[in-house]
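Given only the sequences and the hints, what does the whole structure look like? Please build it.
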Amino acid sequence: MCGRTACSLGAENLRRACAYRDRRGRQRQPEWIRAERYRPSYNKGPQSSGPVLLSRRHLQQDADSSERVLMDMRWGLIPSWFKNDDPSKMQFNTSNCRSDTMLKKSSYKGALLKGKRCVVLADGFYEWQQQSGGKQPYFIYFPQTKDALAEEEEGGEEWRGRRLLTMAGIFDCWEPPAGGETLYTYTIITVDASKDVSFIHHRQVRVGKGAAMPAILDGDEAIRKWLDFAEVPTQEAVKLIQPTENIVFHPVSTIVNSIRNDTPECLAAIELGGKKEVKATPSSKVMLGWLKSSQESSPQKKENELPRWTSQFIHSPSPKKTSAGILQQWLGKEGEPAAKKHKA
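Under UniProt numbering, the first residue of the sequence shown carries the number 1, and numbering increases by one thereafter.
Errors might be hidden in some of the hints.
[Stated by the list, open to error] BS3-like mimics (lysine-lysine), calculated; alpha carbons at most 27 Å apart, straight line:
(1) Lys109 to Lys225
(2) Lys195 to Lys135
(3) Lys114 to Lys104
(4) Lys239 to Lys225
(5) Lys239 to Lys135
(6) Lys83 to Lys195
(7) Lys114 to Lys225
[Claimed, not checked] If you anchor each label on the Cβ, the simulated ranges turn out as follows:
(8) Ala35 to Glu236: 25 to 33 Å
(9) Lys239 to Gly179: 19 to 27 Å
(10) Ser132 to Phe92: 32 to 40 Å
Hints are computed from structural coordinates only; laboratory data are not their basis. Model, not experiment: these values are computed from the prediction. Beta carbons: idealized from backbone N, C-alpha and C, even for Gly.
Here's what the structure looks like:
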């Protein structure tokens, strides 16, 4: 599952880190919707808000469906049909949804078939391994390039910081029965864990239930297909939902265990003693180097004082095994309306 993430970039740098090419091949940056609501964090849990990418067509019916916008949404999906006046009274945990049941459960089925697909953005996510002395947290993220710490040109358009982790999600819009502001919420889709993530999970997997990890969209083409619901129907989009081996991880301090701790130390690499020592990888060295140079930074500080990490959205995805068979079988029976006619 995915129950804790980090997204430490400020609003403007996050927008630059999400640069993409539109349908005409032009370099674009997504526009922020309600950017003032976004708050960076090194330790983000369900019920908090976080940044997601979605197609502008969801907000503007005559917009190009390939155009992307950024929006801050609450983590934990509240379906549009929920009738209670208080969304916190949702009885089920909807922070994650398994890929093999998301087209069966009413909380997700309607939104997914209406094309309400989003990309959840993060530096990475945390997972805990059960050990004899307690649970050891790990931070999991995309491999980073050598120039991830390169100085950025002041005011430059090109982002040369950290590559963001891009996770497939579903969102929905809930309107209070008594009237009021529409609430946008999301869930992160999970798949069977890759080999590396299974190593972290292996001591806590219950019989009959395998370990899970977020469905990671590896590369801008995968992101484009997942977001462009008007051009890419559900039965094609779900083929993107599969495990990836293109991730790295390192152990971190147990200070991340408390959601109240929100500092760069939460994702700083540590060394484990004895036989469990984890050797530093080039990616973790990049991260550790950045953290050492920015210990005084804080998510609440000004944009130019925030951590400068990466983005290389145009990236060749690594070979993966498919896990969309169940979804394909279901879709073959159900069918859906034409994608171009979907409305938010």
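Mind listing which of the numbered hints don't hold for this structure, in increasing order? 5, 6, 9
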